[in-house]
Amino acid sequence: MGLKYRTYLEGTKIYGCSNCRTHLATDDAFMSARFQGQHGQAILFSSVVNVLAGEALERTMTTGKHVVQDISCCQCKTVLGWTYVKAFDQENKYKEGKFILEKALLSTVQ
52 MGLKYRTYLE
62 GTKIYGCSNC
72 RTHLATDDAF
82 MSARFQGQHG
92 QAILFSSVVN
102 VLAGEALERT
112 MTTGKHVVQD
122 ISCCQCKTVL
132 GWTYVKAFDQ
142 ENKYKEGKFI
152 LEKALLSTVQ
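So in the working numbering, spot 71 of the sequence shown is number 122, and the numbers just go up one at a time.
No wet-lab data here; the hints were simulated from the structure. Note that the structure is predicted; figures quoted are calculated from it, not measured. All residues carry an ideal CB built from backbone N, CA and C; glycine is no exception. Hints are supplied without guarantee of correctness; some may be wrong.
Cut-off 30 angstroms, straight-line C-alpha distance, at most; resulting in silico cross-link-like pairs (BS3-like, lysine-lysine) [to be verified]:
| hint | residue 1 | residue 2 |
| --- | --- | --- |
| 1 | Lys116 | Lys154 |
| 2 | Lys116 | Lys55 |
| 3 | Lys144 | Lys64 |
| 4 | Lys128 | Lys116 |
Cβ-Cβ distance ranges computed for the label pairs, FRET-style [as the list claims (entries may be wrong)]:
| hint | residue 1 | residue 2 | range |
| --- | --- | --- | --- |
| 5 | Tyr56 | Thr113 | 35 to 41 angstroms |
| 6 | Met82 | Glu106 | 21 to 27 angstroms |
| 7 | Tyr59 | Thr114 | 17 to 23 angstroms |
| 8 | Glu109 | Gln161 | 33 to 39 angstroms |
| 9 | Arg72 | Asp140 | 33 to 39 angstroms |
| 10 | Asp79 | Ala104 | 17 to 23 angstroms |
| 11 | Gln141 | Arg57 | 24 to 30 angstroms |
| 12 | Cys71 | Glu142 | 18 to 24 angstroms |
| 13 | Tyr59 | Lys116 | 33 to 39 angstroms |
| 14 | Gly115 | Cys71 | 30 to 36 angstroms |
| 15 | Thr113 | Glu61 | 32 to 38 angstroms |
| 16 | Lys154 | Gly62 | 14 to 20 angstroms |
| 17 | Asp140 | Gln161 | 34 to 40 angstroms |
All chains should be modelled from the sequences, with the hints used to inform the complete structure.
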């Protein structure tokens, strides 16, 4: 197993892990803050970096049934949110391939 390099982002606003400040997403990837997580408000992003995805599991959420994977920081392993693998109803299909990061677990790095 070789070295793992983290991706460093550039932009006007960079979201990072609140525990270790590893870069996760930029404001350009921000889609919506109208989501709820286990720790309160959560943010939907179109793309993130420096995360590890867990096992795909079927979960019933407030908007219906989805297949999701928990995502954690690649540096400190803190679970930060989840990614949508599959949505079972048509109105939630836009979430597929997108990422939820919980606001309480994020810090503004830049």
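Exercise. Please name the hints from earlier in the document that this structure breaks, with their numbers sorted from lowest to highest.
Key: Per hint list: 2, 7, 11, 12 violated.
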